[in-house]
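Given the coordinates of chain Z, assemble chains A and U onto it according to the supplied hints.
Below are the chains, spelled out letter by letter.
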Amino acid sequence: MRENILSIIEKYQKDHRRLMDILIAIQDTYRHIPDEAVDILADQLDLSKVDVEQTISFYHFLSREPVGKYAIYLNDSAVANISGRAEVVQAFEEELGISFNNVTADGLIGMWDTADIGMNDQEPAALINGAVFTKLTPKKVKNLVAGIKAGKDIPDLVTEIGEEVNGPAALSTMVTNNIRQKGAILFSDDYEVGQALKQAIAQTPEEIVTEVKQSNLRGRGGAGFPAGLKWDFCRQSGGDEVYLICNADEGEPGTFKDRVILTELPKLLFEGMAIAGYAIGAKQGIVYLRYEYRYMQAYLESILQELRDQNFLGKNIAGKAGFDFDIRIQLGAGAYVCGEETALIESLEGKRGEPRNRPPFPVQRGYLDKPTVVNNVETLCSVVQVILEGAEWFKSFGTSESAGTKLLSLSGDCKNPGIYAVEWGVTVQKLIRRAGATNVQAVQIGGPSGMCIGPDQFNRQLAFEDLATGGSLIFIGEERDLLGDFVVNFMDFFIDESCGSCAPCRSLNVILRNKLLKILDGKGTNQDIDELYKWAGVGRVTNRCGLGQTAANPILSTIENFRHLYEDLVETNENFVSTFDLKDSVAESNAAVDREFVLPHKTR
Amino acid sequence: MVKKDEKISFEIDGQTCSAWAGQPLLDAAKDNGIFIPSLCHVQGLKPAGSCRICNVNVNGRNMTACTTRVSAGMVVENHTPELNELRKTIIEVLFVSGNHFCPSCEKSGNCELQALGYRYQMMVPRFPYEFPVKGVDARPDLIYHDRNRCIMCKRCVRSITKDGKHVFALNGRGGEHLHVAMDVDLASQLTEAEAQEAMDICPVGAILKKEQGFLVPIGERKYDKAPIGSDIEAQNG
Amino acid sequence: MTKPVLATTSLAGCFGCHMSFLDIDERILELIDLVEFNKSPVDDIKTFTKQCDIGLIEGGCCNSENIEVLKDFRKNCNILVSVGECAIMGGLPALRNGISIKECLEEAYLDGPTVKANTEKIMPNDEELPMLLDMVYPCHEIVKIDYFLPGCPPRADLIWNALVALVTGDELKMPYEVVKFD
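Protein chains in written order, with this note's numbering: chain Z, 1 to 604; chain A, 1001 to 1237; chain U, 2001 to 2182.
Isolated chain Z, as found in the complex:
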């Protein structure tokens, strides 16, 4: 083992900033990070053991315990649950004779819950040793387990079990991309790689920045910061070492647009990155790819090589002397918060993905403390058309404050889940119709961190000036238990995904979830609802990052828009109801002395 681990460390030049790659390689090989590996890593990288462990323990797909030769990670998002996840869990447990979050005695198969894996349009879905298995059914599970036990390879099982194998051959995945509506900016029919890049390098970097600024292109990850301005700030920071990072850590449950872009339009993305690199003066671009999308990694690497071969990446790109730019892919290891740009940078440096305090902003001091631009996948793709067609053309789409188009991930209770490229300004109502959703009780806009709205707001527009979103809508049908099936799931998600740095995020969300469960248990009071709302507002103003500031949104927005659902659960006018249950509470001590439960004696 020692030799192998040493060679992995050597491969990354003994650089502790590449700890993520090193750990993923060790995890892949040994199905966990063994004690011996921790010792060797601490020794070789000159860290303490707790330092090594703090990174390991932060990431869901790194484990100190064996996860199984075949590790099945079944998505446990709300939409997976309403798509038949329970039956799939039952089938797995029956086939394997173990319960979830365990490994079979022979160490062959482990089954684990995992947060949203970006497959909301084809749930229930699972990751098995990096490959995605979608639309799982008890029957598929049976075949899958039989195949694994028979010693079949995962890629063969993908072909065997997938109803269709989708995308380019190098991908060989059963993930279908469900592109329902194409738009001019992202899915232009006459896109040809390299055109925009050649056009860009004929201009000065300053001109490119100006063009992007004039286009009013705003960040597509959700926050909506003007892209051109970000580039400009980065340029102003100066220095000859500047980084461009593409944020492909799409982790917001319900969002899967970047998955589709990365599969269908990787060249568009990489060309956008090259243009951005040219504009800000970066020589190195990094795609931070979420672990859940590692099934694309080899494919994306092959595309990068193709572009290098065409001289669209590398040195003196497209014949422009001195324009050097290349891209590497950095795999994440399972942490939603790494979608936050400063957490992403920490992770890139081999550390826990804890968001940094700002200022300094990444454009001032980012990756390796150098000026860094972090842009979303879709933002970088949009740049290509801005360069080709010009800012004015770009602004002819959308609204006054939200220029261009937006790629939306639509899922939940609807006939046509998938990807829709729409102009900003589209109403929720229109999207409900297009997706074929009927009897809609609520729409979750922008994922759990966004907001939940009811029919009285379906005429609102998706736009930064109205309903801002990073790009997802989850339709929730009338038959669903909005609070029990969705809000609790969302709160559990944020509790698990909190980096834990800020006290209110780490602990208050647990308190909120428990209070919600009290209300759902029929033990709530009107005062509980008022307190829940009041306490839920604390994180918004006190927490450091976007996760912490929005983590209570599932509760806040449902109390605001669906207060009647909470009130319907309150069974009393009392202002105090205890959750205490005497019979439950003495069960353990009765069992310890082998005694029947009797009502307590009368006080003498």
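Treat the hints with care, as some may be off.
Cross-link-like lysine-lysine pairs, in silico, BS3-like; alpha carbons within 25 Å at most [said to hold, decoys possible]:
| # | chain 1 | residue 1 | chain 2 | residue 2 |
| --- | --- | --- | --- | --- |
| 1 | A | Lys1222 | A | Lys1209 |
| 2 | Z | Lys14 | A | Lys1162 |
| 3 | U | Lys2116 | Z | Lys523 |
| 4 | Z | Lys351 | A | Lys1046 |
| 5 | U | Lys2144 | Z | Lys534 |
| 6 | U | Lys2102 | Z | Lys583 |
Not everything, but these chain Z residues come out facing chain A in the computed CB check (under 7 Å) [as the list claims (entries may be wrong)]:
| # | residue |
| --- | --- |
| 7 | Tyr12 |
| 8 | Lys49 |
| 9 | Glu53 |
| 10 | Asp496 |
| 11 | Gly500 |
| 12 | Val538 |
Just so you know, these hints were derived from the structure itself, not from any lab. Remember, it's a predicted structure, so these values are computed and weren't measured experimentally. For each residue, glycine too, the CB sits at the ideal point set by N, CA and C.
Chains A and U alone, transformed into the frame defined by chain Z:
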């Protein structure tokens, strides 16, 4: 970052203050006789901004005073009912999410969390107690580590090293899994002075030097007679 | 004029809070003028004989009897006050909250280093004995509690000031030295 050649003036709760440009707001306030409460900040350590108790309003925005650097003309609100309520809420969250049973804690009377509880007149936390079970590690000769009392301020994580390596580091993420882990091998090598430093940097009773408990009688401990921060405020007359 | 009626009890506590109450020294004479005692260890009245104005609760809830007494106090007292750390947060008894009941009982009656005489390995189980709860509960998680007086024990001055404030309706005086958690 701190420009020791450039004095600037700014305002806290209407009081004109002066400080070196770029000084952390929390430290600058202290120099001007104004107390901004905090549990994670230690002057000289890299600000963590993790306890969020030093929340102030800077030019209309909620910011943590430990991570904000002062600039000329900055207008800061510190002692307002809204901010004090937020701080009290966070203090109460910390009380219920650990096992803070003061009478049995060696740090009682010298504990900063307890002292803030006094200052903000917490009679009872408004939240249910969680009674977490996070374990105690008493293996090192000189110190022991009671994780049930840890408030994860990261002071020890940032400051306590042995031969340049961190003795304490966070472990896990989210919810109940997160804790501060102690490197037992390194912790066992700490000298008397280093062990004392580890105990003193901890604002609560999570890191304690062995055989040191209850040395100072009740009534004479740090926060028995006067509220935390009153020494700072005394400079202000 | 009728005097306000006071009741007190100690649940899972050590009676230290009651001792502190008696630490009001000579003010105990004023106390007699101020209130009338009903159910309380102070006067040894075992059952409520009338509706009371104020109930002081020492101790948290560690067994089924504590629950019953506490609920009885809630029913018979207009205002309930949690007095001391045990009532407020479980206190010393709550240090067992991370340990299973079985382990606690076995340590106490079978395996503990001080267990010598229990050769028959008997675990107390008389039907007169109340049952242990799964954990020690703060009183306000069982019934509505109106006021809280922290301390271990709460300083005599705090208890006195609180009683006076409740009876007279004046504002409660809380000098810094008087409100402590230990």
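Query raised in the report: Which of the numbered hints above does this structure break?
Result: 3 and 7
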